[in-house]
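Visitor: Each chain, letter by letter, is given below.
Protein chains: 2
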Amino acid sequence: MSILNFFKSKKPDSAAIAKERLQIIVAHERSQRNEPDYLPRLQQELLEVIRKYVEVDQDQVDVALDDSGNCSVLELNITLPGR
Amino acid sequence: MSILNFFKSKKPDSAAIAKERLQIIVAHERSQRNEPDYLPRLQQELLEVIRKYVEVDQDQVDVALDDSGNCSVLELNITLPGR
Chain A
1 MSILNFFKSK KPDSAAIAKE RLQIIVAHER SQRNEPDYLP RLQQELLEVI
51 RKYVEVDQDQ VDVALDDSGN CSVLELNITL PGR
Chain B
1 MSILNFFKSK KPDSAAIAKE RLQIIVAHER SQRNEPDYLP RLQQELLEVI
51 RKYVEVDQDQ VDVALDDSGN CSVLELNITL PGR
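Going down the list, the protein sequences come from chains A and B. The numbering of the first sequence is UniProt numbering, which starts it at 1 and goes up by one. The numbering of the second sequence is UniProt numbering, which starts it at 1 and goes up by one.
In short, the hints are calculated from the structure, not lab data. Mixed in with the good hints, there may be bad ones.
[Said to hold, decoys possible] The list that follows gives simulated cross-link-like pairs (lysine-lysine, DSBU-like), each with its CA atoms no further than 35 Å apart:
(1) B/K19 x B/K52
(2) B/K19 x A/K52
(3) A/K19 x B/K19
(4) B/K52 x A/K19
(5) A/K52 x A/K19
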């Protein structure tokens, strides 16, 4: 559960305390290196699911895709609007 | 990108080499402790999105939900069928 520790280890600043954050990480470990990677196509659909539950501003979504060997990692960091 | 290191640090065994794995982590940092947690409802919808791209056996899905203070973490570990 390393991601929980990641959140906990961050020192909150005043802006972070007021806001909510959502982080989605999808990691795909492939058995063969040359398979097609569907993570880039997946990211928009994941956001649409999240939008059913919370309001998400498109410009508050930070997307990173890391492809290293046979492991692809899609990371979405979303700052949710304050209420 | 700690999740990438998590995958890399695991020593592969013969079964792991033949299989593919998909890990989805959704972490929600709430500004207030007593807000409703939508992560449990989210997990089935995330799986339905994943199923559009890959075949997922229901009994190959391991779900963990960790709620600690103002941070909830939903973790889905999926072993994909070998081809």
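Visitor: The structure should be examined with respect to each hint, and the outcome stated for every one.
Guide: A quick look at each hint next to the structure:
no.: 1; hint: B/K19 x B/K52; in the structure: 19 Å, holds
no.: 2; hint: B/K19 x A/K52; in the structure: 33 Å, holds
no.: 3; hint: A/K19 x B/K19; in the structure: 39 Å, violated
no.: 4; hint: B/K52 x A/K19; in the structure: 33 Å, holds
no.: 5; hint: A/K52 x A/K19; in the structure: 19 Å, holds
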